[in-house]
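Colleague: Chain residues, written in single-letter form:
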Amino acid sequence: MTSLCSVFRDESKLDINYIPAELPHREREQRLLEEFFSFILQCPGRMTQRVILVGDVGTGKTALAQSFGADLTSQTKRKNLKFHYIHINCREFRGSLQPILHKIVTAFRSNYPARGYAADEILSTLMQVLDEEETTLIVTLDEFDSLIEKEGSDAVYKLTRIHETRQGKPQRLSFIFIMRDLKATEQLDDSTKSTLQRNIIRLERYGKPQLIDILNARVALAFRLGAVEEDVVDLVAELAYLETGNARFGIELLWRAGKYADASEFSHVRAECIRSAVSAILPTLRRSDLASLGFHEKLFLLAIARYFKENQEAYVQIGEAEKAYKVICEEYDESPKSHTQIWTYVQYLSKLGILKAEVVAAETRGRTNRLSLPSIPAFELEQEMQFSLQKEKGEP
Amino acid sequence: MELEVVLSSKPRLKILKLIYTLGQLNVSDVGRRINMNYTATSGHIKVLESEGLLELRTYGRVRMYRFSSSAKAQAVAGLIEAWEKQSP
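Residue numbers (this note's numbering), protein chains in the order written: chain Z, 1 to 396; chain S, 1001 to 1088.
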């Protein structure tokens, strides 16, 4: 539930099952899908189609198919055409064809017996039901790889060639197959492959600017005005980009960070909330990595952790980080290392994934490096470093 | 068969109500839901079918019964609907 002082306006807009009205940066793919299935509006029953959507996790395959299905359903309703769209995740049925087909049939005949009938029988029942209802149907089989792995060529062949046994009858059943890559299709026999791989739409990974657009669109729907600042969205986009351009990961991160902000009674989502959210989603940083660092590397990390804890910012410029490091050196009675040495620490810590360094244009002129903590909350890092430094100094 | 004979059977009324509510069912499913064995259920369904209240749809080996489109069937459906609406 969203409380009165929550950062959320409508957190359901960040739910994994929410399909937004607009899918930013997938317009071309959506148009292509519309072109492939335009016959459903123009000459339903005359032909069928099979399309494969391929793309990495979080590239919008499921959202694209569902959004297309919803659009086509409303268009056919306006034209008084009988049409149904069914979306099924094959993995939910462990890739077995029989329960998948049963699920499709029960969308029309809800009491169709679940057991005792083979996939072939259910498939011919489905065709009979579609004839009775005089409707066309697009079935999207999400995570189609699992069906290929479980059932092999025969099942795919049956699905894609069902109309060949129905010469002279209306063509009613089309498919959209969703896969992460085409590797699974390599195990299919040649004839099955040839019917399957005619229309392939590839969804490329999102770039960082695209992720920013997607996240901004969701922020506008899900959060109160001003609850998520630009640099926070930027940080989430960066993390999602590192996670193979996974928009779903970014959206989940936003939701989780919102929850952390609410729990801490913050008026807006801070970079700190994002870090807490990341450490909850990703495996946390390995302690052995932190323990193996040198004394001054730990001092430098402690300085950065303190900086982020005190300043609610997503990034720190390397000059600012060095100043904070000098203060920490004073606290621990150590002489600070030179800039060049600090730069070596930054590179090593980036390699370990503890810090993230990137070159940006400086405010006045030239370029500078800015640092962020991509995957560990500042307060956790501070505690860890303090504990480790005390141990090394032999303090209780 | 006389109207009073067809509708004076409690199981037959139960079957009509069930199929009216759920749309289409096979004999086993009807029997399970009204707690009656297959043979008895099938016998009652045959009576209702022969009186034109129910009709059979066959999908391969699957045989499912539903309300027919006859005037008698529609009148019974109307009765069930009115009755169920008034029930508390």
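Among the hints, erroneous ones may be present.
[Claimed, not checked] Now the stretches of chain Z that chain S is said to cover, found in silico as 3 or more residues with beta-carbon under 8 Å:
1) 79 to 87
2) 261 to 273
[What the hints assert, rightly or not] Within a straight-line C-alpha distance of at most 30 Å, the following computed DSSO-like cross-link-like pairs (lysine-lysine) qualify:
3) Z:326 with Z:259
4) S:1014 with Z:103
5) Z:208 with Z:169
6) Z:103 with S:1010
7) Z:103 with Z:79
8) Z:323 with Z:309
[As the list claims (entries may be wrong)] Interface residues of chain S toward chain Z, partial, derived using beta-carbon atoms under 10 Å:
9) 1060
10) 1061
11) 1068
By construction, these hints were calculated from the structure, which means they are not laboratory data.
Where is the CB? At the ideal position from N, CA and C, for every residue including glycine.
Colleague: Against this structure, judge whether each hint is valid.
Modeller: Hints, verified against the model:
no.: 1; hint: 79 to 87; verdict: violated (count 0)
no.: 2; hint: 261 to 273; verdict: violated (count 0)
no.: 3; hint: Z:326 with Z:259; verdict: 35 Å, violated
no.: 4; hint: S:1014 with Z:103; verdict: 27 Å, holds
no.: 5; hint: Z:208 with Z:169; verdict: 49 Å, violated
no.: 6; hint: Z:103 with S:1010; verdict: 33 Å, violated
no.: 7; hint: Z:103 with Z:79; verdict: 27 Å, holds
no.: 8; hint: Z:323 with Z:309; verdict: 15 Å, holds
no.: 9; hint: 1060; verdict: 5 Å, holds
no.: 10; hint: 1061; verdict: 6 Å, holds
no.: 11; hint: 1068; verdict: 15 Å, violated
Going through the hint list in order, the structure does not satisfy hints 1, 2, 3, 5, 6, 11.
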